[in-house]
Amino acid sequence: MPPLLQLSKISKAFGVVQALSDVNFEIAEGEVVGLIGENGAGKSTLMNILGGVHDPSSGKILINDERVHIQDAKKAEQLGISFVHQELNLLDNIDIAGNIFLGREPRRFGCIDQARLHDMASPLLETLGLHLDPRTSVSELTNGQKQLVEIAKALSMDARLLILDEPTSSLAIQETETLLALIEKLQSQGIATIFISHRLSEIQTVADRVVALRDGENAGILEKAEISRDRMISMMIGRDLSDVYPENNANIGQVALSVDRLSTLRWPSGNATFEIREGEILGMAGLVGSGRSELVQAIFGVDPSPSGSVAVAGKALRMGRVNDAIAQDVFLAPEDRKTSGLILEMTIRENMTLNSMSRFSRRSRIDFKTERVRSAEWLSEYGVKAPNPEHAVGDLSGGNQQKVVLAKWMTLSPKVMIFDEPTRGIDMGARHEIYQAIVRLAESGCAILMISSDMEELLGMSHRIAVMSEGVLTGFIEKGQFSEQAIMNLAVAPKERASA
Amino acid sequence: MKSTLSHYLNRYRKECCLAVVLLFVAFWTILFSRNTEASGFLQSLIESRFLSLRNLENLSRQIGMYGIFSLGMGLVIISGGIDLSVGSLMALFGTVFFFLLTGSHAWIPGMPWVPAILVLLIFSVVIGTLHGWLVAKIRMPAFVVTLCGLLGYRGLAQTMTHDTAIGYYDSKFNVEGLERFMTGELIGLPAAFIAFIVISGIVFYLLHLSVFGRYLLALGRNEQAAKYSGINTTVVMAFAYIICSVLAAVSALYFALYTADVVPSIHGNFFELYAIAGAVLGGCSLRGGEGTVIGIILGTTVLLVLQNMVNLLGYDSSFSKVITALVILGGVLVDRFEIWKLLSRSRKT
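Note that the protein sequences, when read in sequence, are chains A and B. Numbering-wise (our numbering), the first sequence opens with residue 1 and increments by one. Numbering-wise (our numbering), the second sequence opens with residue 1 and increments by one.
Chain A extracted, bound-state conformation (with noise of 0.2 Å):
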């Protein structure tokens, strides 16, 4: 039997950069796919093309032996494909049954057909185990419930090849657990899913074959009874893991930054407490929304908090003042590069400068040339590929823009810097950059609090991890005790540790 689908020796260029080159990939019916590979592989590329957006540059398409042209959305429809995006493509203010049949509305008389259109959307709910009236309004769902909801929408036009791409990355466990069941349920009415996904454990679960992409290129497959972890992640990063995190030598020093009680306006009943010490990385691990970003977003001073205290060296710094942690050397490096971090339409130079003004200024007045001089020296020496300062932030790759925001806080030589999802959407070659700049700058005894979603990452770079759920600090992991499974049972929410 043939398989479902076969791509062979597809390649994408997009102007001058490659990004697949002579990729083969097949799936068979009801076969569950993992896809795996760095940001940056060809995941995205890969299966873009099969949902209609992008035109491979060669290579061919076959759906049970047949060469396809896959021109636009509407014809990986019709051929049962059906594309499940990462960010959710609901709208918020319709109901459910009016999300799942958006565009092929059941008509009477010119108008919606409100009952038909409820009756036909109960069932599919049935099948996915979603209790819910299909009048309710998406807004009213959780993640995970979305979820569901663009999957009945997949199933709604008969879909025959589903692509999950990162369906689980704003998931609580227990939805992540449904989700999970929910593909094997459709496995077994023989329809085949590709699962992308980060998070290695859930493909191992999940998975019946692995394919693993790097650079653009098949960086091999593995068989069910070979999936390991291990064996994943070497394929994906084509090296072993103990390459990527630089040795780290730090002397542990004196007490530098110190919370007490602190609360956030988020999460009033906070109260963290907790001290990071001179040449320490702190890692701080918790579910996307446990409140990680609002806390440090608190000691920072960017918004104001309720309660609590937080001293630099021990003296305390006023809170809800940015230029008040800025003057005691307290930095945050934000989660959100495109909105909080940079000014994508200004230059290299006037982003690199815009917190230090002084620096750069006499009475007031501009010091251009050595704005000019300066910045262009960053820019060789934290690595950023740009051909000089004056180009515009936004032209830079997400890598590049992220050395960018490093480059600016960390020429003011830091005593606390606070990294939030320092390598987000990054490539591995400046990620290991990156992380190569945390670590020489914990080496000069700045104190570093580094939040991440990437366990890999805090993992390998921490010297002790704090966990965060809900808003409140639940515990801290020591370097001897470190495992994802520590940290998962103190990032998991309070209720569900309980029941579990």
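Do not take every clue at face value.
[As the list claims (entries may be wrong)] Using 30 Å as the maximum straight-line C-alpha spacing, the simulated DSS-like pairs for lysine-lysine come out as follows:
(1) B:Lys172 with A:Lys338
(2) A:Lys315 with A:Lys74
(3) B:Lys137 with A:Lys338
(4) A:Lys224 with A:Lys338
(5) A:Lys315 with B:Lys172
(6) A:Lys385 with A:Lys479
(7) A:Lys60 with A:Lys75
(8) A:Lys415 with A:Lys385
(9) A:Lys74 with A:Lys60
(10) A:Lys369 with A:Lys415
(11) A:Lys369 with B:Lys137
(12) A:Lys479 with A:Lys369
(13) A:Lys415 with B:Lys227
(14) A:Lys74 with A:Lys9
(15) A:Lys369 with A:Lys338
(16) A:Lys9 with A:Lys224
(17) A:Lys315 with A:Lys369
(18) A:Lys224 with A:Lys185
(19) A:Lys385 with B:Lys137
(20) B:Lys227 with B:Lys137
(21) B:Lys137 with A:Lys315
Because the hints were derived from the structure by calculation, they are not lab data. Owing to the predicted nature of the structure, the values given are computational and were not obtained by experimental measurement.
Add chain B to chain A, keeping to what the hints say.
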């Protein structure tokens, strides 16, 4: 060398396009207002009504008076806001100034013109601070705050004058110096134009050379990122409104003395819209974070030269609004499609 030239052309393409438009409009006006009785074509152009001393003097005075408040509006637009109250403020400031000179209002003491100007400027700082506080600190939408100003200030001026005109002729104080200072000429140029050049220099320094300007452009682009860089965005934004209000007051002085009496119901009507039009035509983006002083000056000048053209060539003056509208629309449209970039790309290939 060539690459730096094309770099500057690209960077200041809006300004370059505007300058070309300006030259075109000016030449058109010269051509059609030429002196047909003069000997020779060139001579007829030189003796055109557009280039007559009286017209140039009048035009430069207008550019000065409109330009001053347009610069203030430009700064507010660059901060990502808008100030709709400028026209009404001009009426209020003019009214208050004349009451200060005459002392004919129960609540306003009369005084000589130098302290009167100072009091008016302080009053404008207060108004600007109020706008800045409401918008930047209380975070009310600038549109709403200044829309209330648009209605309120003119209404206040009309109430103060019982909806009649107010002049300054019955001032008990000597205003000769004031008239010479505000409406006279300096080195052959109208005082308002000289003031405009000086103020342009100051605003140029503020926007393009000072830290304040860098912060203003940054917060106009992305206020959150500016905040994360330690910029006190509240203060910087409030300053834009204060400067706008003060420049409206300065401009109001010239307008009040130019018209000699202020009729609050019509004085400065729609001026805020001319200012917005000039700034937008000059390359300021209503989303904020974009704009240059040269652009604002050119934008304002183009609008006034167009107006002048319509007057000189005897076109239907009602029609001048249509022309103005089309020029603004066309200017923004050209920028939208980045025709300049397309041109330079096709030349390369």
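Hints, one by one, checked against the model:
1. B:Lys172 with A:Lys338: The given pair, whose Cα atoms are some 62 Å apart, is violated under the 30 Å limit.
2. A:Lys315 with A:Lys74: 62 Å, violated
3. B:Lys137 with A:Lys338: Within the cut-off at roughly 24 Å; holds.
4. A:Lys224 with A:Lys338: 40 Å, violated
5. A:Lys315 with B:Lys172: It is violated: about 62 Å lies between the C-alpha atoms, which goes past 30 Å.
6. A:Lys385 with A:Lys479: Given pair lysine 385 of chain A, lysine 479 of chain A is violated - Cα atoms ~35 Å apart, limit 30 Å.
7. A:Lys60 with A:Lys75: 16 Å, holds
8. A:Lys415 with A:Lys385: 27 Å, holds
9. A:Lys74 with A:Lys60: 19 Å, holds
10. A:Lys369 with A:Lys415: Holds, at about 28 Å.
11. A:Lys369 with B:Lys137: 35 Å, violated
12. A:Lys479 with A:Lys369: 47 Å, violated
13. A:Lys415 with B:Lys227: With Cα atoms ~20 Å apart, lysine 415 of chain A and lysine 227 of chain B stay inside 30 Å; holds.
14. A:Lys74 with A:Lys9: 24 Å, holds
15. A:Lys369 with A:Lys338: Cα-Cα ~27 Å, so holds.
16. A:Lys9 with A:Lys224: With Cα atoms ~24 Å apart, lysine 9 of chain A and lysine 224 of chain A stay inside 30 Å; holds.
17. A:Lys315 with A:Lys369: Given pair lysine 315 of chain A, lysine 369 of chain A is violated - Cα atoms ~36 Å apart, limit 30 Å.
18. A:Lys224 with A:Lys185: 18 Å, holds
19. A:Lys385 with B:Lys137: Between lysine 385 of chain A and lysine 137 of chain B the Cα gap is close to 39 Å, so the pair fails against 30 Å, i.e. violated.
20. B:Lys227 with B:Lys137: Holds. Lysine 227 of chain B to lysine 137 of chain B sits at ~13 Å (cutoff 30 Å).
21. B:Lys137 with A:Lys315: 29 Å, holds
Checked against the numbered hints above, the structure breaks hints 1, 2, 4, 5, 6, 11, 12, 17, 19 and satisfies the rest.
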